[in-house]
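There are 2 protein chains.
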Amino acid sequence: MKVESRIERALTHLVNHAGRAGAPPSLAKSLSYAVFPGGARIRPKLCLAVAESCGDDQPELATAAAAAIELLHCASLVHDDLPCFDDADIRRGKPSVHKVFGEPTAVLAGDALIVLAFEALGQQVERAPRRAANLIRIVSGSVGMPFGIVAGQAWEEEDDAILADYQRAKTGSLFAAATEAGAVASGGDAALWRMLGERLGEAYQIADDIHDVAGDAQQMGKPCGQDALFSRPNVVHQHGMDGAVRILKQLVSDAIEAVPPGRGSARLQQLIQAESKRFMPRELVRDVA
Amino acid sequence: MKVESRIERALTHLVNHAGRAGAPPSLAKSLSYAVFPGGARIRPKLCLAVAESCGDDQPELATAAAAAIELLHCASLVHDDLPCFDDADIRRGKPSVHKVFGEPTAVLAGDALIVLAFEALGQQVERAPRRAANLIRIVSGSVGMPFGIVAGQAWEEEDDAILADYQRAKTGSLFAAATEAGAVASGGDAALWRMLGERLGEAYQIADDIHDVAGDAQQMGKPCGQDALFSRPNVVHQHGMDGAVRILKQLVSDAIEAVPPGRGSARLQQLIQAESKRFMPRELVRDVA
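Residue numbers (my numbering), protein chains in the order written: chain A, 126 to 414; chain B, 126 to 414.
Pulled out of the complex, with its shape left as it was, chain A reads as follows (with noise of 0.2 angstroms):
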């Protein structure tokens, strides 16, 4: 099956299930809306590419953990889009869940849906324990306390933030999660992916800030200009528009780099190549093709 399918069969069974009769309609429809259609599906793209590479010889073990992945990752963009935080109206070119269907129910399906990733990673812990135990271990401390998402957003809040725990934490740790994800779920060693979805993250940070002083908001599907907005770090304002691409080069050269040998070593750098001219605005993919 191609990855593609595979993700989006995992997301719909997992998004139907939590749905199903007896669900409140409007949290329900929520979830569907908060999930579906995705964005680019970056994190259990590159999930699913390590457990390829790695033999891929549970796959519902690693279809499991990139749908949770991914599910995290809708839940943080729902809750990051409150009115308490960013405020956000527009969300992969559609109104925010909040602006859909209220602030309650927004809340509640960041909430629902970081409890259906776990519900689906417990699902699997039958078929291969210690796969599974190490899975859990390593999602939950991408997502929570204290390197996960949630402490990234909570760097926002401090006075004295340092820029790479904050990125680290926000952006980089779901990255790192999905390859040694991929890994685990296959017999592989996390340890030996760990690199390459740090660098993938830092590099998606970078251009994400990329995208917030020179993108396009219609092409973006987001606001644009929210880092200057609410006073948040953003590598531009930093290092100038020619370094934060100077910085993103190197990145995704470092990420192709930290691509372990093996089988499918030379495919997956291919990936990355392609996915990374993906990651920026048009007008500059020229700059670092």
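Among the hints, erroneous ones may be present.
Since the list can't tell identical chains apart, any single copy or any two copies may satisfy a pair.
[As the list claims (entries may be wrong)] Cross-link-like lysine to aspartate or glutamate pairs, in silico, DMTMM-like; alpha carbons within 20 angstroms at most:
hint, residue 1, residue 2
1, K219, D367
2, K170, D314
3, K154, E281
4, K224, D290
5, K170, E185
6, K374, D285
7, K170, D182
8, K154, E228
9, K224, D314
10, K170, D212
11, K402, D341
12, K154, E382
13, K154, D290
14, K224, E282
15, K127, D285
16, K224, E400
17, K374, D214
18, K127, D379
19, K154, D285
Worth flagging that the hints you see were computed from the coordinates, not collected in a lab.
Just so you know, these numbers come straight off a predicted model, no measurement behind them.
Given the coordinates of chain A, work out where chain B should sit on it, guided by the hints.
For chain B alone, coordinates are given in the frame of chain A:
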């Protein structure tokens, strides 16, 4: 070890783990503030009481289940108190989490506590995979969609909520999970113990409705009169105070009868009788004694 110390030690260990070196300071403090000092800890006590009745042959597993359930209860209180829900200034006799730490940190604290609960369960997977898989299923079902706490809270946003569905999801689900999890952690049969949790959950919800009408905010440590204020269903509005007290007495009696026969059943029945008196506003205790 006494049940109370077992619960507090486990919660302390988990909250310290989440707030360890490197954590964003305010979010770390907010987690501790949300969990300590606790309320009655009635759900984890119930979980461990059932575990003991079932032999408690894997105490680490039962303790983790009890702690996870209490963390999820605390998370639900933090999110329920948010301005977009109850906008409650006071909880457990002190300012609510968002009043002290701000709304963004309160949203993140709830999220982090949900993640921490599943991290705690995940840590038990290798010790006892089948039981841990069941615990994750039971606990995620009791807080997630379509029948858990988030669903119960979501029914408040729906125009045509069915009172029984709403109360079962909002309060009953975590009580039922407490008895089921206590049984499963100790190799018992979840189905045998579910009824006890359900009846206690219903009793607790009715006691909470009575408190909301007749209680004293200072004694309760939270605001009263919220149901009328938010036009929420309340059994006292439907059946009058006498009717509500009669229903409560019947549910406590049903709960006591629902204790499966066995080694510790008499002791558990006494515990329920004693705890049920703490449900009631003091001036009404005479009537249900």
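Hints, one by one, checked against the model:
1. In this homomeric assembly, K219 and D367 never come within 20 angstroms of each other (Cα to Cα): the closest approach is 31 angstroms inside a single copy and 51 angstroms across copies.
2. Taking identical chains as interchangeable, the C-alpha atoms of K170 and D314 lie at most 20 angstroms apart only when both belong to the same chain, with a minimum of 18 angstroms there against 40 angstroms between chains.
3. Only between protomers do K154 and E281 lie at most 20 angstroms apart by alpha-carbon distance; the minimum there is 16 angstroms, versus 30 angstroms within a single protomer.
4. Neither within a single protomer nor between protomers do K224 and D290 lie at most 20 angstroms apart by alpha-carbon distance, with minima of 31 angstroms and 27 angstroms respectively.
5. With identical chains, the CA atoms of K170 and E185 are at most 20 angstroms apart within one copy only, with a shortest distance of 15 angstroms there and 36 angstroms across copies.
6. In this assembly of identical chains, K374 and D285 lie within 20 angstroms of each other by CA distance neither inside one copy nor across copies; the values are 28 angstroms within and 55 angstroms between.
7. In this assembly of identical chains, K170 and D182 lie within 20 angstroms of each other by CA distance solely inside one copy; the values are 17 angstroms within and 42 angstroms between copies.
8. With identical chains, the CA atoms of K154 and E228 are at most 20 angstroms apart within one copy only, with a shortest distance of 14 angstroms there and 25 angstroms across copies.
9. Neither within a single protomer nor between protomers do K224 and D314 lie at most 20 angstroms apart by alpha-carbon distance, with minima of 42 angstroms and 44 angstroms respectively.
10. In this homomeric assembly, K170 and D212 never come within 20 angstroms of each other (Cα to Cα): the closest approach is 29 angstroms inside a single copy and 40 angstroms across copies.
11. Taking the shortest Cα distances, K402 and D341 sit within 20 angstroms of each other inside one copy (16 angstroms), while across copies they are farther apart (62 angstroms).
12. For a Cα distance limit of 20 angstroms, the shortest separation of K154 from E382 qualifies neither inside one copy, at 42 angstroms, nor across copies, at 40 angstroms.
13. Proximity of K154 to D290 under the C-alpha cut-off of 20 angstroms is restricted to the inter-copy arrangement: shortest distance 18 angstroms between copies versus 35 angstroms within a copy.
14. In this homomeric assembly, K224 and E282 come within 20 angstroms of each other (Cα to Cα) only across copies, at 15 angstroms, whereas the closest approach inside a single copy is 23 angstroms.
15. Proximity of K127 to D285 under the C-alpha cut-off of 20 angstroms is found in neither arrangement, the shortest distances being 45 angstroms within a copy and 42 angstroms between copies.
16. For the homomeric pair K224 and E400, neither the shortest alpha-carbon distance inside one copy (31 angstroms) nor that between copies (43 angstroms) is at most 20 angstroms.
17. In this assembly of identical chains, the alpha carbons of K374 and D214 never lie at most 20 angstroms apart, being 31 angstroms within a copy and 49 angstroms across copies at closest.
18. Within a single copy, K127 and D379 get their C-alpha atoms no closer than 27 angstroms, and across copies no closer than 54 angstroms, so neither meets the 20 angstroms cut-off.
19. Taking identical chains as interchangeable, the C-alpha atoms of K154 and D285 lie at most 20 angstroms apart only when they sit on different chains, with a minimum of 16 angstroms there against 39 angstroms within one chain.
Comparing the model with each numbered hint stated earlier shows that hints 1, 4, 6, 9, 10, 12, 15, 16, 17, 18 do not hold.
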